[in-house]
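Student: So for the sequence shown, this note's numbering puts the first residue at 6; every next one is plus one.
There could be a bad hint or two in this list.
In silico DSS-like pairs for lysine-lysine, Cα to Cα no more than 30 Å straight-line [to be verified]:
1) 320 x 214
2) 326 x 263
3) 245 x 171
4) 147 x 101
5) 101 x 171
6) 76 x 147
7) 245 x 258
8) 337 x 101
9) 214 x 326
10) 171 x 300
11) 258 x 326
12) 76 x 243
13) 243 x 258
14) 258 x 270
15) 270 x 326
16) 320 x 337
17) 320 x 225
18) 194 x 243
19) 147 x 225
20) 337 x 195
Honestly, the hints are just simulated from the structure, not real lab data.
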Amino acid sequence: MIPSGSRLEFIKYASSLLLMFLSVLAGCAGPGSVVSFSRPDVYRSSERILHRLKPGETPQTLAAKYLGDPKLAWMIEDVNGADAFLPERFVVIPLKIPNRAGITEEGYQAVPILCYHRFGQSCNSPLCMPADIFERQLRYLKENGYRVIGPEELAAFLDYRQPLPKNSVMITMDDGYRSVYNIAYPLLKKYGFTATLFIYIDYVGVSSKAITWDQLRELKRAGFYIGSHSVAHSDLSKQKKDEDGSQYMARLKREIFKSKQIIDKQLGQDTIIFSYPFGRRTSTVVSLSRQAGYKIGVTVDRGSNPFFANPFLVKRDQILKHDMGIFASRLKTFTYFPLK
Numbered sequence: 006m007i008p009s010g011s012r013l014e015f016i017k018y019a020s021s022l023l024l025m026f027l028s029v030l031a032g033c034a035g036p037g038s039v040v041s042f043s044r045p046d047v048y049r050s051s052e053r054i055l056h057r058l059k060p061g062e063t064p065q066t067l068a069a070k071y072l073g074d075p076k077l078a079w080m081i082e083d084v085n086g087a088d089a090f091l092p093e094r095f096v097v098i099p100l101k102i103p104n105r106a107g108i109t110e111e112g113y114q115a116v117p118i119l120c121y122h123r124f125g126q127s128c129n130s131p132l133c134m135p136a137d138i139f140e141r142q143l144r145y146l147k148e149n150g151y152r153v154i155g156p157e158e159l160a161a162f163l164d165y166r167q168p169l170p171k172n173s174v175m176i177t178m179d180d181g182y183r184s185v186y187n188i189a190y191p192l193l194k195k196y197g198f199t200a201t202l203f204i205y206i207d208y209v210g211v212s213s214k215a216i217t218w219d220q221l222r223e224l225k226r227a228g229f230y231i232g233s234h235s236v237a238h239s240d241l242s243k244q245k246k247d248e249d250g251s252q253y254m255a256r257l258k259r260e261i262f263k264s265k266q267i268i269d270k271q272l273g274q275d276t277i278i279f280s281y282p283f284g285r286r287t288s289t290v291v292s293l294s295r296q297a298g299y300k301i302g303v304t305v306d307r308g309s310n311p312f313f314a315n316p317f318l319v320k321r322d323q324i325l326k327h328d329m330g331i332f333a334s335r336l337k338t339f340t341y342f343p344l345k
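Model the full structure from these sequences, guided by the hints.
Tutor: Structure (structure tokens):
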């Protein structure tokens, strides 16, 4: 994570650059002469860039231009503050990757992953989240500065390639219910969030309660990520009574490999994340998931995920209760473990 004092240090650095530039120009001018010059739009060092904003430029466009990825906009936002992004103002763009693991003297960063299933205006099942409660939860995330990430960012964090913003959280939804599109999607858009959906192939489009491929494509265009939840949502951890060993292995490969192939083809992507049906897995299931080309496998084991978590045993909290105090307690984004 970026140290708390770094914003002030960057501002001081930016100011010193400008003062040095102006003093050099003033020193070159003769007595009584008027210094006339046009300011450069960009000042650069090996560690940071000072960039003068043009109309229409945002943290996302700057991150894409200088950092190679618009999803790294948070690095620019954290250094400058939300009120810095006005035309003609200078903003600082850090070029050095900060603390990839989120380790401090007090402990280390962890990523909570919330797991939902279906949504309704009123609900009779713990797997159904009422729309008004879900909105309260999203409002809480927004008002308390949480940032929603997707599988690509999580994979880079677990692989020690990229840091994550402070208070990162992931929102996931299993099975592929139509209510994700009809109810959850508009609410997520309202608060500027996206989510990761896990679908099982045999359920897509089978009834009015199931999401369709066209709806999934729309969600993907809106920034949502679609992951695999198998083909038929069968328990992969147990061999069925009517299966022999070879039949069991064939079923595992179909559920794990075939689901990825279908999603890849339907959505034009390389699916990197797999949700084990019922959260159950074995060492064989984990090994096959890796062989299939996934980079992450998620469970429903409760807890948050530090950078050293096993990427194929990622924890998630099922959000089954409606109490906001319980919800807030699941948002553990930092583990206190003093190093002194």
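Student: With reference to the structure, classify each hint as holding or not holding.
Tutor: Outcome of the hint check:
no. : hint      : result
1   : 320 x 214 : holds, 28 Å
2   : 326 x 263 : violated, 34 Å
3   : 245 x 171 : violated, 44 Å
4   : 147 x 101 : holds, 28 Å
5   : 101 x 171 : holds, 17 Å
6   : 76 x 147  : holds, 18 Å
7   : 245 x 258 : holds, 15 Å
8   : 337 x 101 : holds, 27 Å
9   : 214 x 326 : holds, 23 Å
10  : 171 x 300 : holds, 23 Å
11  : 258 x 326 : violated, 35 Å
12  : 76 x 243  : violated, 39 Å
13  : 243 x 258 : holds, 14 Å
14  : 258 x 270 : holds, 17 Å
15  : 270 x 326 : violated, 36 Å
16  : 320 x 337 : holds, 12 Å
17  : 320 x 225 : holds, 24 Å
18  : 194 x 243 : violated, 39 Å
19  : 147 x 225 : holds, 22 Å
20  : 337 x 195 : holds, 24 Å
Checked against the numbered hints above, the structure breaks hints 2, 3, 11, 12, 15 and 18 and satisfies the rest.
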